[in-house]
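Novice: Listed here are the chains, written in short residue letters.
Protein chains: 2
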Amino acid sequence: MIIDKLFESVKNKGHVCLGLDTDISYIPEKFYNKYESITDAIFEFNKKIIDETLDVAACFKVQIAYYEAYGLKGLEAYKKTLDYLRNEKAIIVADIKRGDIAKTAEMYAKAHFEGDFESDFVTLNPYMGFDTIEPYLPYIKEKEKGAFILVRTSNPGSKHIQYLETGNERVYDVVGNKINEIGKQYLGGHGYSSIGSVIGGTTAFEGQEIRNKLDSTFFLIPGYGAQGGTAKEVAEYLKKGNGAIVNSSRGILQAYKKDENGENNFQKSARKAAVQMRDDILSAIGD
Amino acid sequence: MIIDKLFESVKNKGHVCLGLDTDISYIPEKFYNKYESITDAIFEFNKKIIDETLDVAACFKVQIAYYEAYGLKGLEAYKKTLDYLRNEKAIIVADIKRGDIAKTAEMYAKAHFEGDFESDFVTLNPYMGFDTIEPYLPYIKEKEKGAFILVRTSNPGSKHIQYLETGNERVYDVVGNKINEIGKQYLGGHGYSSIGSVIGGTTAFEGQEIRNKLDSTFFLIPGYGAQGGTAKEVAEYLKKGNGAIVNSSRGILQAYKKDENGENNFQKSARKAAVQMRDDILSAIGD
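Sequences listed follow chains F and R, in order.
If you're matching positions, the first sequence starts at 1 in this note's numbering and goes up one per residue.
If you're matching positions, the second sequence starts at 1 in this note's numbering and goes up one per residue.
If you're looking for bench data, these hints aren't it; they were derived computationally from the structure.
Since the model is a prediction, treat every value here as computed from it, not as a measurement.
Ideal Cβ placement from N, Cα and C applies to all residues, glycine included.
Keep in mind that the hints are not guaranteed to be accurate.
[Said to hold, decoys possible] Keeping only pairs whose Cα atoms sit at most 16 Å apart, straight-line, the calculated EDC-like set for lysine to aspartate or glutamate is:
| no. | chain 1 | residue 1 | chain 2 | residue 2 |
| --- | --- | --- | --- | --- |
| 1 | R | Lys73 | F | Asp23 |
| 2 | R | Lys79 | R | Glu44 |
| 3 | R | Lys110 | F | Asp23 |
| 4 | F | Lys73 | R | Glu44 |
[Unchecked claim] Short, incomplete list of chain R residues facing chain F, as computed with Cβ under 7 Å:
| no. | residue |
| --- | --- |
| 5 | Gln63 |
| 6 | Tyr66 |
| 7 | Asp116 |
| 8 | Thr166 |
[What the hints assert, rightly or not] Which stretches of chain F does chain R cover? Using the computed rule of at least three CB atoms under 8 Å from a CB of chain R, they are:
| no. | region |
| --- | --- |
| 9 | 130-138 |
| 10 | 144-155 |
Next comes chain F alone, as it looks inside the complex (with noise of 0.2 Å):
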């Protein structure tokens, strides 16, 4: 099961998941000005970046949309992104927030787990039902594949529907529980389901509550750094220190330009900042 392959890198390289969320304002001018085209500026920055982190990172997340927005040649892109590393044997979630249903769902399932936009995980936006779901779940039992399903964001807007009281429990909750349901038949040797849930991190209030009810749970936790999240807060979301990946793009991509001649090495400064956050991650895990 893929989720074994995160537990055990988590285990191995802390709970970094680095965000490959490349605007290209996040680019070096000097570095960008390199390349003919936008498609090998941004691959050529990504692939710096990944070279001086894989041993830092537990997994690469990509976010589509910071591809999609430069059409065709971003999309290229993504996919030299994703086939680079994969060649890398990197853990690769694909952050596309999908949600759609039937023959639709197929057709995205096929879309970002084979073909040109093949990676390990997706994320997915249940809104529609856990029939949503369904189509992922052939690549999920037979073919090394996981997901995570939004569950809980952090952004403002998340009172606005998950956290709705219904009977005695919030939306969040039902979904929450649901998924950790569903991927019971899905579980890993560690006790991890490859179906996982997105749970922000920058509610810290009821982490052990939500880590204990959803057991089997495995969740990737975005807003770190850049969107507020501190490791105390990530660390109330771990059982033995394991059981959750943790976000960070900007704070990681834009690290250099914190530094004195930064831009000549952004590589170097996005390492020293993924180091920093694994670490800090660690020791608030000891605490």
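Starting from the known structure of chain F, arrange chain R on it as the hints suggest.
Specialist: Positioned in the frame of chain F, the structure of chain R alone reads:
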């Protein structure tokens, strides 16, 4: 406002939103084999359908999943289809169901309202909250763009989240009311907003109630034909015969499979099916 163009298109041509969910299995083999690339085969099939139905379709809905599934080559066909539709002055609904926030949503807005994948309307998923809509607003206000937000769908799983009771209403009521409220800031001359809602058409109970409550919301109603919706149900969601478009995809694209020698003239069968659908809805309104 783009919504006025759509309103007028419905007035002139009827309610058919023709879904170009072009799976390669829908393309007659003989036609498919004429083309060197999958890109050309998909695009030329779409072009034949578009040419034959421009005067009977109020708009065209392009489901991006079907194109993403074929990777870069599929998305090239997607771009060519959008370019062709735009050139023919057809109104384009990009069925992307993206749902993200902040910078990521800005990138999706840029992706689908500018550049290679420019469309007139996008569909959006509100699970993360109403801040998912914000990055699209400048385009809606200033650039003749619009959006349809998922409110209530008609798949079996719609019961899992959308129908949950919260206070005295359901989740989809909360969403529908809020979209109607936000939409009032973007009203066109016919009283409808450029921010519309996706409302599944197969559960007609409440049709008139929803229509009255969401008074300025234009509806995109999926689920006609292949998914089981009928003209009589659709009519319940209209006000003075307007205020909604009704999507059919497979029922039109594959209509030729029911006609003798249909594969030699698939576009004629598609036209016949679209005309029939248009007339069925118009006659249900008359009842």
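Novice: Each of the hints needs a verdict: does it hold here or not?
Specialist: Now the hints, each set against the structure:
1. Straight-line distance between C-alpha atoms of Lys73(R) and Asp23(F) comes to about 23 Å, which puts the hinted pair past the 16 Å bound.
2. A C-alpha spacing of about 13 Å is found between Lys79(R) and Glu44(R), which places the hinted pair at or below 16 Å, so the restraint holds.
3. Annotation: proposed proximity of Lys110(R) to Asp23(F) holds, straight-line Cα distance about 12 Å (limit 16 Å).
4. Between the alpha carbons of Lys73(F) and Glu44(R) the distance comes to roughly 22 Å, so the proposed pair goes past 16 Å and is violated.
5. Checking Gln63(R) against chain F: minimum C-beta separation of about 6 Å stays under 7 Å; hint holds.
6. Taking 7 Å as the C-beta cut-off, the interface hint given for Tyr66(R) holds, the closest approach to chain F being about 5 Å.
7. Against a cut-off of 7 Å between C-beta atoms, the interface hint on Asp116(R) holds, since the closest Cβ of chain F lies about 3 Å away.
8. With a cut of 7 Å, the hint placing Thr166(R) at the interface with chain F holds, because the nearest CB-to-CB distance is about 4 Å.
9. Coverage of the region 130-138 of chain F by chain R holds. Counting CB-CB distances below 8 Å, 3 residues qualify, and the rule asks for three or more.
10. For the region 144-155 of chain F, the stated coverage by chain R holds: 3 residues have a C-beta nearer than 8 Å to a C-beta of that chain, and at least 3 were required.
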